[in-house]
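Top line first, the protein sequences correspond to chains A and B.
The first sequence maps to residues 1 to 192 in this note's numbering.
The second sequence maps to residues 1 to 336 in this note's numbering.
Calculated directly from the structure, the hints in this document are not laboratory data.
Predicted model, so just to flag it, every value in this text is computed and none were measured.
Even for Gly, the Cβ is constructed at its ideal location relative to N, Cα and C.
Wrong hints could be hidden among the right ones.
Computed cross-link-like contacts, DSS-like style, restricted to lysine-lysine with a CA-CA straight-line distance of at most 25 Å [claimed, not checked]:
| no. | chain 1 | residue 1 | chain 2 | residue 2 |
| --- | --- | --- | --- | --- |
| 1 | A | K80 | B | K151 |
| 2 | A | K83 | B | K151 |
| 3 | B | K38 | B | K17 |
| 4 | A | K164 | B | K316 |
| 5 | B | K151 | A | K25 |
Derived Cβ-Cβ restraints for the label pairs, each shown as a range [to be verified]:
| no. | chain 1 | residue 1 | chain 2 | residue 2 | range |
| --- | --- | --- | --- | --- | --- |
| 6 | A | G97 | B | G64 | 50 to 58 Å |
| 7 | B | F290 | A | K85 | 19 to 27 Å |
| 8 | B | K70 | A | I9 | 17 to 25 Å |
| 9 | B | K66 | A | P143 | 37 to 45 Å |
| 10 | A | A64 | B | V202 | 31 to 39 Å |
| 11 | A | A64 | B | P205 | 26 to 34 Å |
| 12 | B | E71 | A | A64 | 47 to 55 Å |
Residues per chain are reported as follows:
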Amino acid sequence: MYEFIAFYIFAISTVILFLITVLSKNVLYAMTSLAAGMVMISGFFFLLGADFLGVVQLIVYVGAVMALYAFAMMFFDTTKDVKEKYNNPKLVFLLGGLMAVVFVIIFSAPIIGENIQVASPITDGVGNAQAVGIVLFTKYLVPFEVAAIMLLVAMVAGIILAGKKMDKSLTTTVLPLVDKESEDEILKKESR
Amino acid sequence: MDATMLPEVTAVGVIIKAILILAIISAIAGFGTYIERKVLAFMQRRLGPQHVGPYGLLQLAADGIKLFTKEDIIPQHANRLIFAVAPAITAATAFIALGAVPVFPDFTIPLVDVYVPSIASDVNVGILFVLGMMAAGLYGPLLAGMAQSNKWGLLGSARTAIQFLSYEVVTGLSLLAPIMLVGSLSFVDFNNYQSDGTWLVVYQPVAFILFLIAGYAETNRTPFDLLEHEAEIVSGYVTEYSGMRWGMFFIGEYANMITIGIIASIVFLGGYNDWWIFPGWIMILAKIAFSFFFMLWVRAAWPHVRPDQLMWLCWKVLMPLAVINVVITGIVMMAG
């Protein structure tokens, strides 16, 4: 009974929050509802008894959306609405609608077929985190390692892209109050 | 401990505990401000509050009345909704985090003979849940700074983001080593692991220090209170706040300080186990009080750091130390 009520509360609020994310013209509203929607999704994991995944969802997306906020802060005036350009609204509507229909069909197909099989049933006496660990290091070992290598590559690429002047601290470098171009020249001279 | 013992959690019990947490922690947060001012005053050879009531004790009431009755101002160009919601996020997440930490040992109410588990909600991944909730609490300062259309506020929220991205890794990695030793993410298991009297801080001194440093960054305590650094950015994310909304940020911060104190006590300092002639509930209160005092002590003793110094400290010093600590713990566990 409680689960029933809780599920509908989480489901409705998730849908509404993500609708705000898509439809709102204000960056602050969009980002906030995105973060709140992520928190609501973790509610589903708690309802299903997957505490570990729920908490991981919480921690990972809180951090990830926080980084998005930083970008929003740099690119937009967050107290004003963003003017969006719609070049071809009909095409966008068509493609978006098709995607939604395809997703609904994909996820509802096994329910209609009534042959959902549990791929990795819960082992008795094993906690949530342990169960995830066992599956991760036996059945899904290869995808796990491939993902790790991909992340490593991305990290190295990020450091190379961002690390041009990393030996200089920008806050401790004393710059005379000059215009942008000569500022760059001073930095160039110092890095030589 | 007889037949009337109810091991399962009842809905009424959870609600009672939630109300107790709200009431007690709010009161302690208020009292904490008085303690903080007095302790800082003694350390800096001042007197602190002393005019209102005996030893200035009623200063609490005076501050409370001021906070409740102050005019609540929302700036003209601010995003009103987000501006109003932000303080609630900080306060709510702080209290939700407290819902998953055990404070006292399980006990039986004497006359009615009802068995009471001490924890409001025993999530079996308690540590991760509390850390995640406290991390979500940083959305409060972030949104507050961005919604108030004030440059100091914006700087404050930019600092929130970098502070979050700095300390979060250190907190997780420093707690990972004790988690490996205990083999569980539940606070109750941590407490039971130390029931033989050996505190985990003996095995994991490095992790303890790293956790304390990261915890101070998490609660914006002074060496790392970049978010509202009065000397640099006026008041950071709370520049435009007044009255009760400001008070909610305040209560949230103090609740988080207490949470960090409880985590440190249970994970590293032996939890609520009996020690010598002292029962467990006195021990844990003493430990929490000491961690609270330690935060004030640190505040009196250390100057602020700059944001780049915080990032340097977290990413270049603390994180490698934490990783080395985890690796050594793993090697010792495999060998032993």
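A quick look at each hint next to the structure:
no., hint, verdict
1, A:K80 <-> B:K151, "holds (15 Å)"
2, A:K83 <-> B:K151, "holds (23 Å)"
3, B:K38 <-> B:K17, "violated (31 Å)"
4, A:K164 <-> B:K316, "holds (18 Å)"
5, B:K151 <-> A:K25, "holds (22 Å)"
6, A:G97 <-> B:G64: 50 to 58 Å, "holds (55 Å)"
7, B:F290 <-> A:K85: 19 to 27 Å, "violated (59 Å)"
8, B:K70 <-> A:I9: 17 to 25 Å, "violated (35 Å)"
9, B:K66 <-> A:P143: 37 to 45 Å, "violated (58 Å)"
10, A:A64 <-> B:V202: 31 to 39 Å, "holds (37 Å)"
11, A:A64 <-> B:P205: 26 to 34 Å, "holds (33 Å)"
12, B:E71 <-> A:A64: 47 to 55 Å, "violated (38 Å)"
Taken one by one, the earlier hints fail for this structure at numbers 3, 7, 8, 9, 12, listed in ascending order.
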